[in-house]
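Protein chains in written order, with this note's numbering: chain U, 1 to 78; chain R, 1 to 260.
Any given hint might turn out to be false.
[Unchecked claim] Straight-line alpha carbon distances no greater than 35 Å define the calculated DSBU-like cross-link-like pairs of lysine-lysine that follow:
no., chain 1, residue 1, chain 2, residue 2
1, R, K140, R, K109
2, U, K26, R, K84
3, U, K6, R, K63
4, R, K211, U, K6
[Stated by the list, open to error] Selected chain U positions facing chain R (Cβ under 7 Å, derived; list incomplete):
no., residue
5, M39
6, A43
7, M52
These are computed hints drawn from the structure, not numbers from a lab. Since the model is a prediction, treat every value here as computed from it, not as a measurement. Glycine included, every Cβ here is placed at the ideal spot set by N, Cα and C.
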Amino acid sequence: MTNLEKYNAAFCETLNVEEAQLADLKYQAIPEWDSVGHMSLVAAIEDAFDIMMETDDIIDLSSYAKGKEILKKYEVEI
Amino acid sequence: MVETRLLEGKNAIITGARSGIGLATLQLFVQNGCNCWAVIHRDDDVFLSKIQQLEETCGIWIKPVHMELDNSESIKEGVKEIVKEKHSIDILVNAAGIVSPNRLFSMTKMENIRKVMEVNFFSAIELTQLACRSMMRQRKGNIVNIASIAAWGEDTSQMEYAASKAALVIATKKLARELGSAGIRVNAVAPGLTQTKMLDVLETDAEEQIKKGLGLHRFGTPEEIAEVCLFLASDKSSYVTGETIKVDGGGTDLRLSISK
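Extracted from the complex, chain R is given alone in its bound form (with noise of 0.2 Å):
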C-alpha cells in the first residue's frame, strides 16, 4: 500500500485490464484508491479472484466489464452499462492492444490489418467519444492512451501495428487541444519493448541481442509502464496535456530485432 494515494475517490475505466500493461496499471490505479472499470473481452478464475483480492486490500471496487473491442455494438453496450452505475468517470486508460499474426506487410491478411486497427485505435477513439461526454459536463477528466515507439516507424514490420498506435498518438495530441478547454486532459505513454505476451513472439537468441541495444540493457515491466500512467493520470500532471512519454529504457535498435 502507498502512503499517499494519488487517484483516491476517483473512478477510471481501463481496458485491456487482463493482461500484460492493462493489468499493472489496474493493480497500480487500485493501490492509489481508485475504484475501476476493468475492460475484458472474457472471465477467467484466476483474474476474478485476483481482483476480488485487490477489492480487500485496497478498499475499492473493480467491476469487470465485457466488451468485444473490435465491435462498436459491444462497446456501446459496455459503456451503457458503466453510465449506468452513475459514478462519475475520471479517467480513462486505453491500454488494449493486439499485434497481427504476421510480421511482414505483404504476408498479412487484409482483415487482419483492420483487426488491429478496430482494437488498437478505432476503440479508443469510440470509448474517448462516449467517456467524454461524462467527463465534459464534470468539466474534468483525463484520458491515457497506450501507445508504443513503433509509432515512429524504426522497425521495418508489424505494418499495421505501428500505424495503429501512430494515429493513437497524434489522437492524443488533437484531442487534447480540443478537449482541453472541458478541462478533459489527454496523454499517452509510448512504452518500449515490455515484458508483456507480445514479446512472445521473439526468439531467446534474438532477446539478448535486442536487450544490448537497449540504453539500459533489460526490457521494461509492466510496471514501470503502469507508473507513468499515473502520473499522468493523477493531478501531479496537471500542466501536462497532448503529451506522449517514451518510456523505452534509453530506447534501441529496433532494426536489429523483429525484421526476420
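Same shape as in the complex, but just chain U (with noise of 0.2 Å):
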C-alpha cells in the first residue's frame, strides 16, 4: 500500500466516505467528521503511518488537504 492509499483508507474508513469526495474534504463539513470523528481519524491516521501527532497538529487538521501537509513534519510523504 502507498502512503497515499493508507491515508485515503483511513479517511474513507474512518469517517465514511468515498475517495472521490477526498479532495475537498474538511472538518464537520459532513456530519461523520465531527469532533469524536475527528479523534478517530487521528487515531486511523497515527495508526497508518506510526506517527503520534502534536496536539497543534490535531487541531490544525481542518481538511483532507492540510493533513497532507502536517504528515510532512512526521516525515510522511503523499
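From these two lone chains plus the hints, build me the complex, please.
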C-alpha cells in the first residue's frame, strides 16, 4: 500500500466516505467528521503511519489537503 | 483466582503500579483476566518478580512502561511505546499520586506545589488525552481516576494535594460528558485514609485517634479501593459515568488528623 492509499483509507474507513469526496473534504463539512470523528481519524492516521501527532497538529487538521501538509512534519510524504 | 473474570481479554494502562492502590489494582485486574501496562518510574527486582509471578498464575501479560509523570515528553514516549504494540487500549487507571513533603501551605515551596499538580492532575489528563485517541477509534473505553476525599477540602493542610484531587474530580465529570458520545466512560474513586506509604507521615497516636473518628474505625486497604476500580472498569458499571465514588469507611473528621 502506498502512503496515499493508506491516507485515503484512513479517511474513507473512519468517516465512511468515498475516495471521490476526499479532495475537498473539510472538518465538520459532513456529519461524520465531527469532533468524535476527528479523533477517530487522528487515531487511524497515527495507526497507518506509526506516528503520534502533536496536539497543535490535531487542531490544525482542518481538511484532507491540510492533513497531507501536516504529515510532512512526521516525514510522511503523500 | 476468581470464578468469573470481569476483565477477560481487556488491556489496561495503570499508573502508579509499583505500590499502594496502583499495585493492588494491577493485581486485581490481572486476576480478572486483564493484560496490563504497568506504568512505573523505576524498576526494582521485587516488583519485577511479582509481576512475573502474576503473569504465570493468571495467564496474562504485564509490561512495565517507564514514565516520569512530571515530564510531558516522558509521558508521550511511554504512550508511543504502548501504541506501537498494536493492542487495544481498553482501560486507563490514573492511580499515581504524590504528596509534597510539607503539610502547611505557608511552608510549601511553589516547585513542590507544581510537582504535585503535574503528577496528580496533569499527567492523568495528558494520559487520558493520548489514550482517548485509541479508545475513540474503538468507540469504547474506560477511564478510572484515583481522586481522594481530600478533594472536598475538609482538612487543614496539603492544599496542593487536595486541589489536584479536586481538579481530578471535576475533570472526571467534564470528560464523561464529552467522551460519552464516543462510548468512553470516565469515573473516579475517592479513597479515604488508606494503608499506603502516604500514611507514613502520621504518628502512631494520631493514627489511633483518627481511626476512632472513622465510621468503620479502621483505615481502608488498597485492595478495598481496587475492588471499586474493578467495578468501574468492568461492564458491571456500564451505565455509570462522570461519577466519583467515595470509599472512605464512612467518613471522618479530618480536622482531628492532619493539622499538626
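Earlier hints that do not hold, by number: The structure conflicts with hints 1 and 4, although it agrees with all the remaining ones.
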